[in-house]
Amino acid sequence: MELNKENVRKIKELILFTVLIIIVLWKHTVILDILHFISGIIFPFLLGGAIAFVLNVPMNFLEDKIFKKWKTGQRRKAQKLARPASLMLTILCLIGALILVVFVVAPQLGTTFASIGKNIQAFVPRFTGMVEDIFHNNKNITAWLAELNMDWDKILDSVLGFFKNGAGNVLDSTMSVAKNIVSSVTTFFIAFVFACYILLQKEKLRVQVSKLLYAYLPVKRVEGILDVCSLTYRCFANFLTGQCMEAVIFGSMCFAALVILRIPYALLIGVVVAFTALIPLLGAFIGCGIGVLLILMENPLKAVVFVIVFLVLQQIEGNFVYPKVVGSSIGLPSIWVLAAVSIGGSLMGVVGILVFIPLVSVIYTLIKQDVYRRLEQKGITVSQSASGTDVKK
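At position 149 of the sequence shown the residue is numbered 300 (the working numbering), and the sequence of numbers has no breaks.
Careful, some of the hints might be misleading.
Stated by the list, open to error - With a straight-line cut-off of 25 Å between C-alpha atoms, the simulated BS3-like cross-links for lysine-lysine are:
{"id": "1", "residue 1": "219", "residue 2": "353"}
{"id": "2", "residue 1": "219", "residue 2": "231"}
{"id": "3", "residue 1": "353", "residue 2": "371"}
{"id": "4", "residue 1": "355", "residue 2": "219"}
{"id": "5", "residue 1": "371", "residue 2": "161"}
{"id": "6", "residue 1": "353", "residue 2": "216"}
{"id": "7", "residue 1": "519", "residue 2": "371"}
It should be emphasised that the hints constitute simulated quantities derived from the structure, not laboratory data.
Computed from a predicted model, the values in this text were never measured in an experiment.
Using the sequences and the hints given, assemble the complete structure.
Here you go:
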(Lines of atoms letter the chains of each structure in order from A and count residues from 1; the text may use other names and numbers.)
(Lines give C-alpha, C1' and ligand atoms only; values in the text may rest on other atoms or scores of the structure.)
Protein backbone atom coordinates (compact mmCIF):
# COMPACT_ATOMS: atom_id res chain seq x y z
CA MET A 1 0.00 0.00 0.00
CA GLU A 2 1.39 3.37 -1.00
CA LEU A 3 1.73 5.93 1.80
CA ASN A 4 0.09 8.80 0.03
CA LYS A 5 -1.91 11.50 1.77
CA GLU A 6 -5.23 9.65 1.45
CA ASN A 7 -3.88 6.42 2.93
CA VAL A 8 -2.09 8.28 5.73
CA ARG A 9 -5.36 10.04 6.58
CA LYS A 10 -7.22 6.73 6.70
CA ILE A 11 -4.50 5.21 8.94
CA LYS A 12 -4.73 8.17 11.33
CA GLU A 13 -8.53 7.85 11.48
CA LEU A 14 -8.25 4.11 12.16
CA ILE A 15 -5.70 4.69 14.95
CA LEU A 16 -7.86 7.42 16.49
CA PHE A 17 -10.95 5.20 16.34
CA THR A 18 -9.06 2.31 17.96
CA VAL A 19 -7.78 4.57 20.75
CA LEU A 20 -11.30 5.84 21.42
CA ILE A 21 -12.67 2.29 21.62
CA ILE A 22 -9.93 1.31 24.07
CA ILE A 23 -10.62 4.36 26.24
CA VAL A 24 -14.38 3.65 26.25
CA LEU A 25 -13.84 0.01 27.25
CA TRP A 26 -11.21 0.87 29.87
CA LYS A 27 -13.05 3.79 31.46
CA HIS A 28 -16.62 2.72 30.71
CA THR A 29 -17.91 3.71 34.15
CA VAL A 30 -16.56 7.25 33.74
CA ILE A 31 -18.00 7.46 30.22
CA LEU A 32 -21.40 6.30 31.48
CA ASP A 33 -21.33 8.90 34.27
CA ILE A 34 -20.49 11.62 31.75
CA LEU A 35 -23.29 10.49 29.43
CA HIS A 36 -25.73 10.39 32.36
CA PHE A 37 -24.71 13.93 33.36
CA ILE A 38 -25.09 15.20 29.78
CA SER A 39 -28.46 13.46 29.38
CA GLY A 40 -29.69 15.12 32.56
CA ILE A 41 -28.78 18.51 31.12
CA ILE A 42 -30.33 18.03 27.69
CA PHE A 43 -33.37 16.02 28.85
CA PRO A 44 -35.65 19.09 29.31
CA PHE A 45 -34.87 20.16 25.75
CA LEU A 46 -35.47 16.67 24.36
CA LEU A 47 -38.77 16.56 26.25
CA GLY A 48 -39.62 20.00 24.90
CA GLY A 49 -38.96 18.79 21.37
CA ALA A 50 -41.25 15.81 21.93
CA ILE A 51 -44.00 18.07 23.32
CA ALA A 52 -43.62 20.44 20.37
CA PHE A 53 -43.82 17.52 17.95
CA VAL A 54 -47.10 16.31 19.48
CA LEU A 55 -48.68 19.77 19.82
CA ASN A 56 -47.66 20.69 16.28
CA VAL A 57 -50.21 18.24 14.81
CA PRO A 58 -53.40 19.83 16.26
CA MET A 59 -51.85 23.31 16.00
CA ASN A 60 -51.32 22.87 12.24
CA PHE A 61 -54.91 21.66 11.88
CA LEU A 62 -56.32 24.68 13.74
CA GLU A 63 -54.03 27.08 11.91
CA ASP A 64 -55.10 25.76 8.50
CA LYS A 65 -58.81 25.32 9.21
CA ILE A 66 -59.71 28.15 11.60
CA PHE A 67 -57.03 30.79 11.17
CA LYS A 68 -56.45 30.37 7.43
CA LYS A 69 -58.07 33.73 6.66
CA TRP A 70 -55.76 35.41 9.14
CA LYS A 71 -52.68 33.90 7.47
CA THR A 72 -53.75 34.88 3.94
CA GLY A 73 -55.23 38.25 4.93
CA GLN A 74 -53.79 41.64 4.14
CA ARG A 75 -53.35 42.75 7.74
CA ARG A 76 -49.94 41.97 9.15
CA LYS A 77 -51.23 41.98 12.74
CA ALA A 78 -53.71 39.21 11.91
CA GLN A 79 -50.97 37.20 10.18
CA LYS A 80 -48.72 37.51 13.22
CA LEU A 81 -51.54 36.50 15.58
CA ALA A 82 -52.52 33.34 13.64
CA ARG A 83 -49.67 31.23 15.05
CA PRO A 84 -49.97 32.33 18.74
CA ALA A 85 -53.77 32.03 18.59
CA SER A 86 -53.64 28.48 17.22
CA LEU A 87 -51.03 27.51 19.81
CA MET A 88 -53.11 28.98 22.65
CA LEU A 89 -56.25 27.21 21.43
CA THR A 90 -54.32 23.93 21.23
CA ILE A 91 -53.11 24.34 24.82
CA LEU A 92 -56.64 25.18 25.98
CA CYS A 93 -57.99 22.02 24.30
CA LEU A 94 -55.30 19.97 26.03
CA ILE A 95 -56.11 21.55 29.39
CA GLY A 96 -59.80 20.86 28.77
CA ALA A 97 -59.06 17.17 28.17
CA LEU A 98 -57.02 17.02 31.39
CA ILE A 99 -59.82 18.75 33.31
CA LEU A 100 -62.26 16.18 31.93
CA VAL A 101 -60.10 13.38 33.29
CA VAL A 102 -59.36 15.05 36.63
CA PHE A 103 -62.84 16.32 37.49
CA VAL A 104 -65.06 13.74 35.78
CA VAL A 105 -63.23 10.43 35.58
CA ALA A 106 -60.93 10.56 38.63
CA PRO A 107 -63.62 11.50 41.25
CA GLN A 108 -65.98 8.83 39.95
CA LEU A 109 -63.23 6.21 40.03
CA GLY A 110 -62.23 7.33 43.52
CA THR A 111 -65.82 7.09 44.78
CA THR A 112 -66.24 3.68 43.21
CA PHE A 113 -63.03 2.26 44.65
CA ALA A 114 -63.86 3.73 48.06
CA SER A 115 -67.22 1.97 48.06
CA ILE A 116 -65.81 -1.37 46.89
CA GLY A 117 -65.01 -2.39 50.47
CA LYS A 118 -68.64 -1.85 51.47
CA ASN A 119 -70.22 -3.30 48.36
CA ILE A 120 -68.08 -6.41 48.22
CA GLN A 121 -69.54 -7.75 51.49
CA ALA A 122 -73.01 -7.55 49.98
CA PHE A 123 -71.80 -8.78 46.60
CA VAL A 124 -70.17 -12.04 47.78
CA PRO A 125 -73.39 -13.51 49.31
CA ARG A 126 -75.33 -12.59 46.18
CA PHE A 127 -72.64 -14.11 43.98
CA THR A 128 -72.54 -17.32 46.01
CA GLY A 129 -76.33 -17.47 45.86
CA MET A 130 -76.23 -17.14 42.06
CA VAL A 131 -73.61 -19.88 41.84
CA GLU A 132 -75.69 -22.11 44.16
CA ASP A 133 -78.69 -21.63 41.89
CA ILE A 134 -76.59 -22.60 38.88
CA PHE A 135 -74.84 -25.60 40.48
CA HIS A 136 -77.54 -26.72 42.95
CA ASN A 137 -77.42 -30.24 41.53
CA ASN A 138 -73.68 -30.58 42.19
CA LYS A 139 -73.25 -31.56 45.85
CA ASN A 140 -69.47 -31.00 45.93
CA ILE A 141 -69.72 -27.40 44.74
CA THR A 142 -72.64 -26.72 47.10
CA ALA A 143 -70.63 -28.03 50.06
CA TRP A 144 -67.62 -25.92 49.08
CA LEU A 145 -69.74 -22.78 48.84
CA ALA A 146 -71.27 -23.52 52.24
CA GLU A 147 -67.79 -23.69 53.77
CA LEU A 148 -66.72 -20.46 52.06
CA ASN A 149 -66.59 -17.88 54.83
CA MET A 150 -64.35 -14.86 54.46
CA ASP A 151 -63.52 -12.81 57.54
CA TRP A 152 -63.66 -9.28 56.13
CA ASP A 153 -62.70 -7.68 59.47
CA LYS A 154 -59.48 -9.71 59.52
CA ILE A 155 -58.73 -8.81 55.89
CA LEU A 156 -59.33 -5.12 56.66
CA ASP A 157 -57.02 -5.30 59.70
CA SER A 158 -54.31 -6.85 57.53
CA VAL A 159 -54.61 -4.08 54.98
CA LEU A 160 -54.49 -1.40 57.68
CA GLY A 161 -51.48 -3.11 59.26
CA PHE A 162 -49.69 -3.06 55.92
CA PHE A 163 -50.23 0.68 55.58
CA LYS A 164 -49.19 1.31 59.20
CA ASN A 165 -45.95 -0.62 58.78
CA GLY A 166 -45.19 1.27 55.60
CA ALA A 167 -46.00 4.66 57.09
CA GLY A 168 -42.54 5.01 58.62
CA ASN A 169 -40.84 4.43 55.31
CA VAL A 170 -43.17 6.90 53.63
CA LEU A 171 -42.33 9.59 56.18
CA ASP A 172 -38.61 8.90 55.86
CA SER A 173 -38.76 9.39 52.10
CA THR A 174 -40.96 12.52 52.20
CA MET A 175 -38.08 14.91 51.56
CA SER A 176 -36.75 12.90 48.62
CA VAL A 177 -40.24 12.65 47.13
CA ALA A 178 -40.77 16.40 47.50
CA LYS A 179 -37.40 17.03 45.87
CA ASN A 180 -38.26 14.77 42.95
CA ILE A 181 -41.63 16.49 42.51
CA VAL A 182 -40.03 19.95 42.45
CA SER A 183 -37.38 18.72 40.00
CA SER A 184 -40.00 17.13 37.73
CA VAL A 185 -42.18 20.25 37.73
CA THR A 186 -39.16 22.43 36.92
CA THR A 187 -38.09 20.11 34.11
CA PHE A 188 -41.58 20.06 32.64
CA PHE A 189 -41.87 23.85 32.84
CA ILE A 190 -38.56 24.34 31.02
CA ALA A 191 -39.55 21.73 28.43
CA PHE A 192 -42.97 23.33 27.87
CA VAL A 193 -41.51 26.82 27.41
CA PHE A 194 -38.92 25.42 25.01
CA ALA A 195 -41.71 23.65 23.08
CA CYS A 196 -43.64 26.91 22.76
CA TYR A 197 -40.57 28.66 21.36
CA ILE A 198 -40.10 25.84 18.84
CA LEU A 199 -43.72 26.01 17.70
CA LEU A 200 -43.75 29.79 17.38
CA GLN A 201 -40.52 29.90 15.35
CA LYS A 202 -40.49 26.51 13.62
CA GLU A 203 -39.95 27.91 10.10
CA LYS A 204 -36.90 29.88 11.22
CA LEU A 205 -35.51 26.84 13.05
CA ARG A 206 -36.06 24.68 9.97
CA VAL A 207 -34.09 27.13 7.82
CA GLN A 208 -31.28 27.33 10.38
CA VAL A 209 -30.97 23.55 10.64
CA SER A 210 -30.97 23.22 6.84
CA LYS A 211 -28.20 25.81 6.54
CA LEU A 212 -26.14 23.97 9.17
CA LEU A 213 -26.54 20.62 7.41
CA TYR A 214 -25.74 22.00 3.96
CA ALA A 215 -22.67 23.79 5.34
CA TYR A 216 -21.02 20.66 6.82
CA LEU A 217 -22.41 17.71 4.82
CA PRO A 218 -22.62 16.75 1.14
CA VAL A 219 -25.73 17.90 -0.68
CA LYS A 220 -27.03 14.37 -1.44
CA ARG A 221 -26.64 13.30 2.16
CA VAL A 222 -28.50 16.40 3.39
CA GLU A 223 -31.33 15.75 0.94
CA GLY A 224 -31.56 12.17 2.20
CA ILE A 225 -31.64 13.33 5.83
CA LEU A 226 -34.36 15.88 5.08
CA ASP A 227 -36.42 13.27 3.21
CA VAL A 228 -36.18 10.87 6.17
CA CYS A 229 -37.15 13.65 8.60
CA SER A 230 -40.13 14.58 6.43
CA LEU A 231 -41.22 10.93 6.21
CA THR A 232 -40.82 10.53 9.98
CA TYR A 233 -42.97 13.58 10.68
CA ARG A 234 -45.70 12.40 8.29
CA CYS A 235 -45.79 8.92 9.81
CA PHE A 236 -45.90 10.17 13.41
CA ALA A 237 -48.43 12.92 12.62
CA ASN A 238 -50.72 10.56 10.69
CA PHE A 239 -50.46 7.92 13.41
CA LEU A 240 -51.25 10.43 16.18
CA THR A 241 -54.21 11.87 14.26
CA GLY A 242 -55.57 8.46 13.33
CA GLN A 243 -55.14 7.05 16.83
CA CYS A 244 -56.98 9.99 18.40
CA MET A 245 -59.84 9.71 15.88
CA GLU A 246 -60.07 5.96 16.46
CA ALA A 247 -60.16 6.45 20.25
CA VAL A 248 -62.94 9.05 20.01
CA ILE A 249 -64.98 6.84 17.66
CA PHE A 250 -64.63 3.75 19.83
CA GLY A 251 -65.41 5.64 23.05
CA SER A 252 -68.50 7.16 21.43
CA MET A 253 -69.64 3.73 20.25
CA CYS A 254 -69.28 2.32 23.78
CA PHE A 255 -71.14 5.27 25.30
CA ALA A 256 -74.03 4.99 22.83
CA ALA A 257 -74.33 1.22 23.34
CA LEU A 258 -74.32 1.52 27.13
CA VAL A 259 -76.96 4.27 27.05
CA ILE A 260 -79.20 2.19 24.78
CA LEU A 261 -78.84 -0.90 27.03
CA ARG A 262 -79.24 1.22 30.21
CA ILE A 263 -75.96 0.03 31.70
CA PRO A 264 -74.68 2.24 34.56
CA TYR A 265 -71.63 4.53 34.30
CA ALA A 266 -72.17 4.96 30.54
CA LEU A 267 -70.43 8.36 30.29
CA LEU A 268 -67.60 7.41 32.64
CA ILE A 269 -66.87 4.13 30.86
CA GLY A 270 -67.07 5.81 27.45
CA VAL A 271 -64.48 8.40 28.50
CA VAL A 272 -62.21 5.77 30.09
CA VAL A 273 -62.39 3.53 27.01
CA ALA A 274 -61.65 6.51 24.74
CA PHE A 275 -58.53 7.47 26.73
CA THR A 276 -57.22 3.93 27.10
CA ALA A 277 -57.88 3.24 23.39
CA LEU A 278 -55.05 5.69 22.65
CA ILE A 279 -52.78 2.71 23.42
CA PRO A 280 -52.83 0.64 20.21
CA LEU A 281 -54.43 -2.83 20.20
CA LEU A 282 -54.31 -3.44 23.98
CA GLY A 283 -55.49 -0.15 25.48
CA ALA A 284 -59.20 -0.67 24.92
CA PHE A 285 -59.11 -3.92 26.92
CA ILE A 286 -57.72 -1.97 29.89
CA GLY A 287 -60.77 0.29 29.65
CA CYS A 288 -62.97 -2.80 29.43
CA GLY A 289 -61.47 -4.15 32.66
CA ILE A 290 -62.13 -0.86 34.47
CA GLY A 291 -65.69 -0.80 33.11
CA VAL A 292 -66.35 -4.37 34.26
CA LEU A 293 -65.08 -3.50 37.74
CA LEU A 294 -67.38 -0.48 37.91
CA ILE A 295 -70.50 -2.32 36.75
CA LEU A 296 -69.82 -5.57 38.62
CA MET A 297 -70.46 -4.05 42.05
CA GLU A 298 -73.95 -2.91 41.05
CA ASN A 299 -75.18 -5.57 38.66
CA PRO A 300 -73.09 -8.63 37.73
CA LEU A 301 -75.47 -9.58 34.93
CA LYS A 302 -75.05 -6.19 33.25
CA ALA A 303 -71.27 -6.57 33.62
CA VAL A 304 -71.51 -9.75 31.53
CA VAL A 305 -73.67 -7.90 28.99
CA PHE A 306 -71.07 -5.11 28.87
CA VAL A 307 -68.28 -7.60 28.14
CA ILE A 308 -70.30 -9.09 25.29
CA VAL A 309 -71.15 -5.66 23.88
CA PHE A 310 -67.52 -4.56 24.22
CA LEU A 311 -66.24 -7.62 22.33
CA VAL A 312 -68.73 -7.02 19.53
CA LEU A 313 -67.79 -3.33 19.28
CA GLN A 314 -64.11 -4.23 19.45
CA GLN A 315 -64.50 -6.58 16.48
CA ILE A 316 -66.30 -3.87 14.50
CA GLU A 317 -63.64 -1.34 15.44
CA GLY A 318 -60.74 -3.70 14.76
CA ASN A 319 -61.99 -4.94 11.39
CA PHE A 320 -63.53 -1.76 9.96
CA VAL A 321 -62.63 1.41 11.88
CA TYR A 322 -58.97 0.83 12.82
CA PRO A 323 -57.77 -0.32 9.35
CA LYS A 324 -59.52 2.62 7.69
CA VAL A 325 -58.54 5.32 10.18
CA VAL A 326 -55.14 4.25 11.54
CA GLY A 327 -53.91 1.45 9.28
CA SER A 328 -54.19 3.52 6.11
CA SER A 329 -52.61 6.55 7.78
CA ILE A 330 -49.33 4.79 8.62
CA GLY A 331 -49.26 2.34 5.71
CA LEU A 332 -48.06 -0.55 7.86
CA PRO A 333 -49.33 -4.15 7.49
CA SER A 334 -51.04 -5.70 10.51
CA ILE A 335 -48.25 -8.21 11.18
CA TRP A 336 -45.71 -5.39 11.54
CA VAL A 337 -48.08 -3.41 13.76
CA LEU A 338 -48.23 -6.43 16.07
CA ALA A 339 -44.43 -6.76 15.97
CA ALA A 340 -44.00 -3.05 16.77
CA VAL A 341 -46.42 -3.30 19.71
CA SER A 342 -44.61 -6.36 21.10
CA ILE A 343 -41.10 -4.93 20.76
CA GLY A 344 -42.03 -1.43 21.94
CA GLY A 345 -44.01 -2.72 24.90
CA SER A 346 -41.15 -5.01 25.96
CA LEU A 347 -38.52 -2.26 25.76
CA MET A 348 -40.31 0.90 26.91
CA GLY A 349 -43.83 -0.04 28.06
CA VAL A 350 -46.75 2.10 26.91
CA VAL A 351 -44.44 4.81 25.56
CA GLY A 352 -42.63 2.20 23.49
CA ILE A 353 -45.91 1.03 21.98
CA LEU A 354 -46.82 4.58 20.95
CA VAL A 355 -43.35 5.29 19.53
CA PHE A 356 -42.51 2.03 17.83
CA ILE A 357 -45.56 1.81 15.54
CA PRO A 358 -44.73 4.98 13.54
CA LEU A 359 -41.00 4.25 13.89
CA VAL A 360 -41.43 0.79 12.36
CA SER A 361 -43.61 2.42 9.69
CA VAL A 362 -40.73 4.75 8.79
CA ILE A 363 -38.25 1.84 8.62
CA TYR A 364 -40.71 -0.25 6.60
CA THR A 365 -41.25 2.59 4.09
CA LEU A 366 -37.51 3.27 3.71
CA ILE A 367 -36.71 -0.42 3.16
CA LYS A 368 -39.62 -0.74 0.72
CA GLN A 369 -38.40 2.25 -1.30
CA ASP A 370 -34.84 0.91 -1.36
CA VAL A 371 -35.99 -2.58 -2.41
CA TYR A 372 -38.08 -1.25 -5.29
CA ARG A 373 -35.22 1.00 -6.39
CA ARG A 374 -32.75 -1.89 -6.44
CA LEU A 375 -35.19 -4.18 -8.28
CA GLU A 376 -35.79 -1.47 -10.85
CA GLN A 377 -32.05 -1.05 -11.38
CA LYS A 378 -31.68 -4.81 -11.92
CA GLY A 379 -34.76 -4.95 -14.15
CA ILE A 380 -36.47 -7.57 -11.99
CA THR A 381 -40.24 -7.76 -11.48
CA VAL A 382 -41.61 -9.96 -8.69
CA SER A 383 -45.37 -10.74 -8.66
CA GLN A 384 -47.75 -13.14 -6.97
CA SER A 385 -49.73 -15.58 -9.08
CA ALA A 386 -51.99 -18.57 -8.46
CA SER A 387 -49.10 -20.99 -8.97
CA GLY A 388 -46.68 -19.11 -6.69
CA THR A 389 -44.19 -16.28 -7.04
CA ASP A 390 -43.23 -15.16 -10.53
CA VAL A 391 -39.87 -13.50 -11.16
CA LYS A 392 -39.37 -11.72 -14.50
CA LYS A 393 -36.14 -10.20 -15.81
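Given hint residue 371 paired with residue 353 - CA-CA distance at most 25 Å
24 Å, holds
What's the verdict on residue 519 and residue 371, does the C-alpha distance respect the 25 Å limit or exceed it?
20 Å, holds
Does residue 219 pair with residue 353 here, judged by a C-alpha cut-off of 25 Å?
18 Å, holds
Would you check the hint for residue 371 and residue 161, treating anything up to 25 Å between C-alpha atoms as holding?
23 Å, holds
Does residue 353 pair with residue 216 here, judged by a C-alpha cut-off of 25 Å?
19 Å, holds
Need the status of pair residue 355, residue 219: alpha-carbon distance at most 25 Å?
Within the cut-off at roughly 20 Å; holds.
Taken at face value, is the distance from the CA of residue 231 to the CA of residue 219 at most 25 Å?
It holds: about 12 Å lies between the C-alpha atoms, which stays within 25 Å.
In summary, this structure violates none of the numbered hints.
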